[in-house]
Amino acid sequence: MSETIEDLVLRLATERGLAKTICPTEAAKAVAEQRGEEDWRGRLSDVRAAAVRLSRRGKLAVYRKGKPVDPNTFKGIYRIGLPAPDAADETEPEAEAVIADAERSDGGDD
Numbered sequence: 001m002s003e004t005i006e007d008l009v010l011r012l013a014t015e016r017g018l019a020k021t022i023c024p025t026e027a028a029k030a031v032a033e034q035r036g037e038e039d040w041r042g043r044l045s046d047v048r049a050a051a052v053r054l055s056r057r058g059k060l061a062v063y064r065k066g067k068p069v070d071p072n073t074f075k076g077i078y079r080i081g082l083p084a085p086d087a088a089d090e091t092e093p094e095a096e097a098v099i100a101d102a103e104r105s106d107g108g109d110d
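Counting in full-length UniProt numbering, the sequence shown runs from 1 upward without gaps.
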């Protein structure tokens with residue numbers, strides 16, 4: 001039984017490692033090869049869909065110009081990689097600051 005496209009994309013990204021990315025064409029070529037197909041270009045949309053699904057689940061990240069982007073809205077050239085392990089930690093201080101600002105403007109008199 002062959003790997004699903006999601007499994008293959010995730011495996012390629014994992015093999016590449018943290019802070020490194022794969023090109024969607026690399027994944028499309030691997031999918032086509034695995035299935036004995038010559039036309040890898042026909043698999044690019046499948047790879048993109050798999051990358052979007054995996055990114056929504058937090059297993060992968062979609063990158064443009066070296067920065068993670070929203071998998072639901074990105075356009076153009078992209079790369080696929082593992083999410084940065086500290087990506088969630090980076091947003092927490094911002095969220096805490098917004099909450100603190102809201103409490104200060106509210107007067108905090110609950």
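Honestly, the hints are just simulated from the structure, not real lab data.
Don't be surprised by glycine CBs; every beta carbon is placed ideally from N, CA and C.
It is possible that some hints are incorrect.
As the list claims (entries may be wrong) - Below, simulated DSSO-like cross-link-like pairs (lysine-lysine); rule was C-alpha separation at most 27 Å, straight line:
id, residue 1, residue 2
1, K67, K20
2, K75, K65
3, K29, K67
What the hints assert, rightly or not - Restraint-style ranges between C-beta atoms, simulated for each label pair:
id, residue 1, residue 2, range
4, D7, G42, 17 to 27 Å
5, E33, D86, 29 to 39 Å
6, T4, E38, 33 to 43 Å
7, R11, P68, 30 to 40 Å
8, E38, D86, 36 to 46 Å
9, P85, R64, 30 to 40 Å
10, R56, P85, 16 to 26 Å
11, S2, D86, 17 to 27 Å
12, E38, K67, 30 to 40 Å
13, N72, T14, 21 to 31 Å
14, C23, E3, 13 to 23 Å
15, R35, K59, 33 to 43 Å
16, A84, E38, 32 to 42 Å
17, G36, R11, 25 to 35 Å
Evaluation of the provided hints:
1. K67 <-> K20: Roughly 12 Å separates the two Cα atoms, so the pair holds.
2. K75 <-> K65: Between K75 and K65 the Cα gap is close to 12 Å, so the pair holds against 27 Å.
3. K29 <-> K67: Holds - the C-alpha atoms of K67 and K29 are around 24 Å apart, at most 27 Å.
4. D7 <-> G42: 17 to 27 Å: Holds - the Cβ-Cβ distance for D7 and G42, about 19 Å, lies within 17 to 27 Å.
5. E33 <-> D86: 29 to 39 Å: holds, 35 Å
6. T4 <-> E38: 33 to 43 Å: violated, 21 Å
7. R11 <-> P68: 30 to 40 Å: Cβ of R11 to Cβ of P68: about 20 Å, so the range 30 to 40 Å is violated.
8. E38 <-> D86: 36 to 46 Å: Distance hint for E38, D86 holds at roughly 41 Å.
9. P85 <-> R64: 30 to 40 Å: violated, 20 Å
10. R56 <-> P85: 16 to 26 Å: Roughly 18 Å apart at Cβ, these two residues keep to the hinted range, so it holds.
11. S2 <-> D86: 17 to 27 Å: violated, 34 Å
12. E38 <-> K67: 30 to 40 Å: Hint holds: Cβ distance 34 Å, inside 30 to 40 Å.
13. N72 <-> T14: 21 to 31 Å: Since the Cβ atoms of N72 and T14 sit about 23 Å apart, the hinted range of 21 to 31 Å holds.
14. C23 <-> E3: 13 to 23 Å: Hint holds: Cβ distance 18 Å, inside 13 to 23 Å.
15. R35 <-> K59: 33 to 43 Å: The hinted range 33 to 43 Å is violated for R35 and K59, with Cβ atoms some 22 Å apart.
16. A84 <-> E38: 32 to 42 Å: At 36 Å between Cβs, range holds.
17. G36 <-> R11: 25 to 35 Å: violated, 19 Å
Taken one by one, the earlier hints fail for this structure at numbers 6, 7, 9, 11, 15, 17, listed in ascending order.
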